[in-house]
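Produce the complete structure using the sequences and hints provided.
Protein sequences appear in the order of chains A and B. For the first sequence, the UniProt record's numbering begins at 1 and goes up steadily by one. For the second sequence, the UniProt record's numbering begins at 1 and goes up steadily by one.
Honestly, the hints are just simulated from the structure, not real lab data. From the three backbone atoms N, C-alpha and C, an ideal C-beta is built for every residue, glycine too. Treat the hints with care, as some may be off.
[To be verified] The calculated lysine-lysine pairs, modelled on DSS-like cross-linking and capped at a C-alpha distance of 25 Å, are:
#: 1; chain 1: B; residue 1: K47; chain 2: A; residue 2: K35
#: 2; chain 1: B; residue 1: K2; chain 2: A; residue 2: K47
#: 3; chain 1: A; residue 1: K47; chain 2: B; residue 2: K35
#: 4; chain 1: B; residue 1: K53; chain 2: A; residue 2: K53
#: 5; chain 1: A; residue 1: K53; chain 2: B; residue 2: K2
#: 6; chain 1: B; residue 1: K53; chain 2: A; residue 2: K47
#: 7; chain 1: B; residue 1: K53; chain 2: B; residue 2: K2
#: 8; chain 1: A; residue 1: K47; chain 2: B; residue 2: K37
#: 9; chain 1: B; residue 1: K47; chain 2: A; residue 2: K47
[To be verified] Not close to chain A: a few residues of chain B, all C-beta gaps over 10 Å, as computed:
#: 10; residue: L8
#: 11; residue: R12
#: 12; residue: Q16
[Unchecked claim] According to the in silico footprint, chain B covers these stretches of chain A (three or more CB under 8 Å from chain B):
#: 13; stretch: 36-43
#: 14; stretch: 50-58
So you can see what is in the structure, the chains are spelled out below.
There are 2 protein chains.
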Amino acid sequence: MKNRLKVLRAERDWTQAQLADALNVSRQTINAIEKGKFDPSLPLAFKAARLFKMPIEEIFQEDTEEQ
Amino acid sequence: MKNRLKVLRAERDWTQAQLADALNVSRQTINAIEKGKFDPSLPLAFKAARLFKMPIEEIFQEDTEEQ
DNA sequence: ACTTTATGTAAAATACACTTGACATTCATT
DNA sequence: AATGAATGTCAAGTGTATTTTACATAAAGT
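Laid out in structure tokens, this is it:
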């Protein structure tokens with residue numbers, strides 16, 4: 001799973017901590033998701049979509065090799 | 001989190017077992033998700049979106065009381 | 001050089017997504 | 001009424017998302 005969180009943050013000049021706050025998760029969670037350590041839960045993906053006012057698919061994308 | 005899996009299945013005349021097969025999860029997982037026992041993972045939501053050829057948001061919806 | 005702020009990372013604990021196996025219930029068909 | 005297929009559910013186990021705490025590194029400003 002790829003994601004555009006880092007870019008979306010940069011466009012808004014937000015830190016990982018600020019995004020974490022806005023999504024009610026820890027900074028480490030944002031960092032881990034950005035670094036591809038794990039995928040967010042579906043509820044968290046929905047929160048991000050609401051925050052950025054865009055579809056989940058514009059924030060998170062399956063990488064092609066995933067079945 | 002609400003979802004339209006049961007309806008989407010019905011439109012296609014699929015059983016829970018058939019949907020589970022198509023998504024590579026157990027029948028119990030489909031049943032639990034349909035009954036609202038838990039939310040699917042984001043990768044599973046993506047698989048469902050691919051299968052039904054529609055955005056994640058047309059299959060799964062946040063219920064309004066969630067923060 | 002020093003300080004501050006942002007980011008990367010690790011370990012241990014908790015919560016939850018998902019599996020397998022099993023059984024009970026419902027419903028349609030015979 | 002009996003059978004079979006679909007659905008509901010439970011318990012125990014595994015894997016992973018997320019938290020907290022803590023420390024290390026990087027970058028930027030003073």
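How the hints compare with the structure:
no., hint, result
1, B:K47 <-> A:K35, "22 Å, holds"
2, B:K2 <-> A:K47, "15 Å, holds"
3, A:K47 <-> B:K35, "22 Å, holds"
4, B:K53 <-> A:K53, "22 Å, holds"
5, A:K53 <-> B:K2, "20 Å, holds"
6, B:K53 <-> A:K47, "22 Å, holds"
7, B:K53 <-> B:K2, "18 Å, holds"
8, A:K47 <-> B:K37, "20 Å, holds"
9, B:K47 <-> A:K47, "20 Å, holds"
10, L8, "16 Å, holds"
11, R12, "21 Å, holds"
12, Q16, "19 Å, holds"
13, 36-43, "holds (count 5)"
14, 50-58, "holds (count 4)"
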